[in-house]
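K.L.:
As a plain string of letters, each chain reads:
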Amino acid sequence: MPAASVATGAAERVIVPRRPARRRTLRRYGVVALFLAPWIIGFLAFIVYPMFASLYYSFTNYDLLSAPRFVGLENYTFMFTKDPQFWQAMRNTLWIIAVGLPLEIAFAMLTAMLLMRPRRGHRVYRTVYFLPTLAPAVAAALAFVFILNPSFGPVNQILKGLGVDHPPLWFFDPSTSKWGLVFLGLWGVGQTMIIFLAGLLDVPAHLYEAAEIEGANRRQRFRYVTLPMMSPVIFFSLVIGVIYGFQYFTQAYVASFAVAGSAQSSAAVNVGSPQGSLLFYSLYLYVKGFANFRMGYASAMAWVLFLITMACTAILIKTSRRWVHYQGGFR
Amino acid sequence: MAMKRWLVLLAVLGVIAAACTAGTEDQGTPAPIETGPDASHEPVTISMWVPFGGAEYKKMSVVFDMFEQEYPWITVEVRPGIGENDEKVLAAIRAGNPPDAVMSWSLDSVGKFCATDAWQDLTPYMQQSELDTSIFPDSVTRYTSYGGSQCALPFLTDAMGLYYNKDLLAKHGYTEPPKTMSELTEMAKELTEFNPDGSIKVAGFIPWFGYYEFTPLELSIIFGADYYNADGTASAVASDADWQALFQWQKDLVDFYGADNLKEFVAGQGDEWSEPNDFHRGRVAMMFDGEWRVAMIEDYAPDLNYGTAPYPTPDGQEDQYGIGRVGGTIVGIPRGSAHPAEAWLLVQYLATNTDALVEMTNIIRNVPTTFPALESPALDITPQFQTFLDVFADQGSHYKQTSEIGTADQDLVSNFGEDWQAGDVSDLQAGLQSTAEQIDNELAAGGG
Numbered sequence: 001m002p003a004a005s006v007a008t009g010a011a012e013r014v015i016v017p018r019r020p021a022r023r024r025t026l027r028r029y030g031v032v033a034l035f036l037a038p039w040i041i042g043f044l045a046f047i048v049y050p051m052f053a054s055l056y057y058s059f060t061n062y063d064l065l066s067a068p069r070f071v072g073l074e075n076y077t078f079m080f081t082k083d084p085q086f087w088q089a090m091r092n093t094l095w096i097i098a099v100g101l102p103l104e105i106a107f108a109m110l111t112a113m114l115l116m117r118p119r120r121g122h123r124v125y126r127t128v129y130f131l132p133t134l135a136p137a138v139a140a141a142l143a144f145v146f147i148l149n150p151s152f153g154p155v156n157q158i159l160k161g162l163g164v165d166h167p168p169l170w171f172f173d174p175s176t177s178k179w180g181l182v183f184l185g186l187w188g189v190g191q192t193m194i195i196f197l198a199g200l201l202d203v204p205a206h207l208y209e210a211a212e213i214e215g216a217n218r219r220q221r222f223r224y225v226t227l228p229m230m231s232p233v234i235f236f237s238l239v240i241g242v243i244y245g246f247q248y249f250t251q252a253y254v255a256s257f258a259v260a261g262s263a264q265s266s267a268a269v270n271v272g273s274p275q276g277s278l279l280f281y282s283l284y285l286y287v288k289g290f291a292n293f294r295m296g297y298a299s300a301m302a303w304v305l306f307l308i309t310m311a312c313t314a315i316l317i318k319t320s321r322r323w324v325h326y327q328g329g330f331r
Numbered sequence: 332m333a334m335k336r337w338l339v340l341l342a343v344l345g346v347i348a349a350a351c352t353a354g355t356e357d358q359g360t361p362a363p364i365e366t367g368p369d370a371s372h373e374p375v376t377i378s379m380w381v382p383f384g385g386a387e388y389k390k391m392s393v394v395f396d397m398f399e400q401e402y403p404w405i406t407v408e409v410r411p412g413i414g415e416n417d418e419k420v421l422a423a424i425r426a427g428n429p430p431d432a433v434m435s436w437s438l439d440s441v442g443k444f445c446a447t448d449a450w451q452d453l454t455p456y457m458q459q460s461e462l463d464t465s466i467f468p469d470s471v472t473r474y475t476s477y478g479g480s481q482c483a484l485p486f487l488t489d490a491m492g493l494y495y496n497k498d499l500l501a502k503h504g505y506t507e508p509p510k511t512m513s514e515l516t517e518m519a520k521e522l523t524e525f526n527p528d529g530s531i532k533v534a535g536f537i538p539w540f541g542y543y544e545f546t547p548l549e550l551s552i553i554f555g556a557d558y559y560n561a562d563g564t565a566s567a568v569a570s571d572a573d574w575q576a577l578f579q580w581q582k583d584l585v586d587f588y589g590a591d592n593l594k595e596f597v598a599g600q601g602d603e604w605s606e607p608n609d610f611h612r613g614r615v616a617m618m619f620d621g622e623w624r625v626a627m628i629e630d631y632a633p634d635l636n637y638g639t640a641p642y643p644t645p646d647g648q649e650d651q652y653g654i655g656r657v658g659g660t661i662v663g664i665p666r667g668s669a670h671p672a673e674a675w676l677l678v679q680y681l682a683t684n685t686d687a688l689v690e691m692t693n694i695i696r697n698v699p700t701t702f703p704a705l706e707s708p709a710l711d712i713t714p715q716f717q718t719f720l721d722v723f724a725d726q727g728s729h730y731k732q733t734s735e736i737g738t739a740d741q742d743l744v745s746n747f748g749e750d751w752q753a754g755d756v757s758d759l760q761a762g763l764q765s766t767a768e769q770i771d772n773e774l775a776a777g778g779g
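For the protein sequence lines, the chains are A and B, in the order given. By this note's numbering, the letter at position 164 of the first sequence is numbered 164, and the numbering carries on one by one without gaps. Offset between the second sequence (1-based) and this note's numbering: plus 331.
Note that these hints are calculated values from the structure, not bench results. Glycine residues also receive a C-beta, built at the ideal position from the N, C-alpha and C atoms. Worth double-checking, as some hints may not be accurate.
Here are some chain A residues the structure puts well away from chain B; computed CB gaps all over 12 Å [what the hints assert, rightly or not]:
1. Ala37
2. Tyr125
3. Gly153
4. Asn156
5. Trp187
6. Glu209
7. Phe293
8. Arg321
9. Trp323
Below are the DSBU-like pairs computed for lysine-lysine, each with C-alpha atoms no more than 30 Å apart in a straight line [what the hints assert, rightly or not]:
10. B/Lys582 / B/Lys520
11. A/Lys82 / B/Lys582
12. B/Lys510 / B/Lys520
13. B/Lys497 / B/Lys419
14. B/Lys532 / A/Lys160
15. B/Lys510 / B/Lys532
16. B/Lys510 / B/Lys582
17. B/Lys520 / A/Lys160
18. B/Lys520 / B/Lys502
Computed, partial: chain B to chain A, Cβ under 7 Å [to be verified]:
19. Ile413
20. Lys443
21. Ala449
22. Asp452
23. Ala739
24. Glu749
25. Gly777
Make the full structure from the sequences, and use the hints.
P.N.:
Spelled out as structure tokens, the structure:
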């Protein structure tokens with residue numbers, strides 16, 4: 001449609017036709033939506049719907065076999081006032097995050113620094129350290145249950161050979177069971193190590209040179225150059241580690257079953273053994289939902305977990321302004 | 332602002348969709364069972380899901396061939412290996428496309444299956460077929476029904492008893508297994524050999540939860556300790572004095588060995604389901620186990636000189652000798668079954684047909700669940716296996732009371748038992764009281 005002009009006393013106004021452009025825009029949006037549709041449908045069906053369904057179920061008594069019965073805040077009240085196992089699971093989960101995660105980050109950093117230098121065979125070592133990441137979680141956990149078996153596992157055989165009369169019972173003792181999981185985590189630190197290695201290789205060499213000229217020793221260069229430059233990578237690992245830590249399941253499930261015995265009666269296999277030391281939040285949620293027919297309660301636990309994870313992530317992001325330094329100067 | 336509105340709309344839609352999608356169906360009365368010569372025998376295919384898988388399924392699948400010979404117009408499509416915890420079956424029931432019949436090992440879920448009609452009440456079918464339930468021992472009703480609904484029938488069962496190594500017993504002058512818990516304690520101590528460093532070399536009997544089949548459930552059957560009161564509305568873990576007795580008995584033997592010694596010994600236990608099992612290797616002189624151990628000893632330790640006996644009894648209850656913990660595979664018809672009449676014929680066949688039960692006993696070495704099968708001369712069994720038939724036939728043998736909270740009650744008692752045996756509980760009664768309260772809370776929260 002050609003532009004029309006309206007003569008006024010003062011000046012000529014040109015009316016710009018809008019409809020054709022708007023139709024083209026809508027058509028473009030439609031094409032974009034069509035290409036995005038598979039993802040959007042999947043997102044709605046497998047993320048949004050289950051999320052809000054679980055929110056609804058968290059306010060109900062739902063046993064998966066009959067219609068959900070609305071009970072208000074009963075599940076949440078039960079969780080915080082009548083369920084000691086909830087607190088035990090929460091403690092175990094927070095322990096693995098507070099102890100296991102920093103150790104994994106430190107070990108990944110140390111390994112990456114050792115593999116950073118172009119020594120003979122460094123590519124082979126980088127591959128070797130990464131390989132455990134490829135092992136399926138169940139297989140790795142079973143392997144570690146064997147390796148750390150107090151009676152015939154190689155670790156304790158070596159310790160006894162070194163003169164340790166009563167080496168730890170690892171997964172069979174509540175005071176050492178989670179340490180077994182920590183060592184399992186350290187063994188599989190290859191993925192984090194690779195990310196740290198990439199970060200270390202990206203630290204500008206001139207910063208180290210400048211520090212050396214200023215008289216900084218190795219420890220000071222690490223403290224004042226390496227750590228600040230690596231802080232975004234450390235921050236990323238912390239956030240991801242916290243999120244995954246709260247969802248810790250497979251390794252604890254396998255180890256706990258191995259310890260609890262493979263008894264014929266399913267209830268004789270006490271998930272979380274020994275003495276609930278391997279009862280993690282996600283594991284307890286699973287038992288409550290599928291073995292105890294309390295999907296409403298499990299849904300409430302899932303939402304509490306979501307809120308706690310969000311809160312921890314928000315705290316990490318908020319505090320990151322003080323200690324995370326981005327090369328571009330962005331915050 | 333527009334994004335916020337979209338998010339709110341999504342949330343509302345999600346909640347509405349969720350509220351609308353969960354529900355139940357009304358089954359109505361079952362279809363009439365017609366099997367007579369004048370009835371229509373239109374060919375029909377029914378489906379059954381079973382937890383057996385692999386080599387064991389291959390052995391037991393012959394029972395479906397036998398059924399099809401008996402009912403030639405019915406073809407059974409079996410889906411094996413569905414797993415032990417019924418999640419697939421429950422998902423199918425919720426989705427409205429369950430198999431026609433189902434087999435399960437989840438005794439602890441019977442309460443919920445019956446209460447919610449996830450498995451149909453078989454009483455109308457049983458009445459139509461005039462099934463004589465006196466062919467089952469009393470224990471069967473206890474573990475296949477709940478709240479007035481008989482939602483399952485048994486298909487073979489497990490029975491528990493005491494295995495003892497005759498050579499190890501003879502070495503210390505014993506020719507008979509213990510018949511009371513005091514005798515078990517005394518013999519356990521006598522038969523134990525320690526290493527120079529104080530660790531256990533050969534154990535007389537391991538009283539540690541987590542060691543194979545030694546569980547609070549087994550002890551509760553021996554001591555007659557009930558998980559619930561008579562009407563199942565409250566936990567009896569604190570009020571039933573037998574719980575105190577059983578935990579005290581266990582603690583006495585744990586103190587003899589030393590908790591740390593036991594932990595180390597148990598940590599070195601051989602795989603339960605293969606050759607390295609401690610009993611096969613003579614690492615333990617006596618242990619609780621099920622009838623399946625007989626077949627395993629034949630395979631993995633054929634030279635082992637062993638015997639089987641019922642569980643010992645508490646002192647003063649020697650008249651109870653012969654009982655044990657029983658309960659095993661169950662069969663039923665799920666809600667929404669497309670062919671309930673034909674499914675019932677299959678369920679009834681599996682539960683009651685003497686030839687089928689005897690054949691299965693001879694093949695997969697479980698205990699048959701009817702008196703006619705238990706007394707059948709066609710059973711091919713050893714004297715050691717006969718013990719378990721006698722245990723199941725004993726009207727005092729039983730499983731624990733069913734409830735609607737799945738394994739929660741046993742989880743809580745086991746948790747307490749682990750703390751108790753480790754010496755972390757100073758006041759037994761207070762600990763039992765706390766456990767009972769938690770079970771009551773679960774009942775109140777989870778029961779319907």
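K.L.:
Hints first: check each against the structure and report whether it holds.
P.N.:
Here is how each hint holds up against the structure:
1. Ala37: 16 Å, holds
2. Tyr125: With a cut-off of 12 Å, A/Tyr125 remains clear of chain B, as the shortest Cβ separation is near 34 Å.
3. Gly153: Given that some Cβ of chain B is not farther than 12 Å from that of A/Gly153, nearest at about 9 Å, it is violated.
4. Asn156: 9 Å, violated
5. Trp187: 20 Å, holds
6. Glu209: 48 Å, holds
7. Phe293: 5 Å, violated
8. Arg321: Holds, because the least Cβ-Cβ distance between A/Arg321 and chain B comes to about 26 Å, which exceeds 12 Å.
9. Trp323: Label holds. Min Cβ-Cβ 32 Å, cutoff 12 Å.
10. B/Lys582 / B/Lys520: Given pair B/Lys582, B/Lys520 holds - Cα atoms ~13 Å apart, limit 30 Å.
11. A/Lys82 / B/Lys582: OK: A/Lys82 and B/Lys582 at ~28 Å, within 30 Å.
12. B/Lys510 / B/Lys520: 15 Å, holds
13. B/Lys497 / B/Lys419: Status violated; Cα separation ~44 Å.
14. B/Lys532 / A/Lys160: Within the cut-off at roughly 17 Å; holds.
15. B/Lys510 / B/Lys532: Roughly 25 Å separates the two Cα atoms, so the pair holds.
16. B/Lys510 / B/Lys582: 19 Å, holds
17. B/Lys520 / A/Lys160: Within the cut-off at roughly 28 Å; holds.
18. B/Lys520 / B/Lys502: Holds, because 14 Å separates the two Cα atoms, which is no more than 30 Å.
19. Ile413: 14 Å, violated
20. Lys443: Constraint on B/Lys443 satisfied, holds at 5 Å.
21. Ala449: 4 Å, holds
22. Asp452: Violated - the Cβ of B/Asp452 stays beyond 7 Å from chain A, reaching only about 14 Å at its closest.
23. Ala739: 4 Å, holds
24. Glu749: 5 Å, holds
25. Gly777: 5 Å, holds
Hint check: violations occur at hints 3, 4, 7, 13, 19 and 22; the rest are consistent with the structure.
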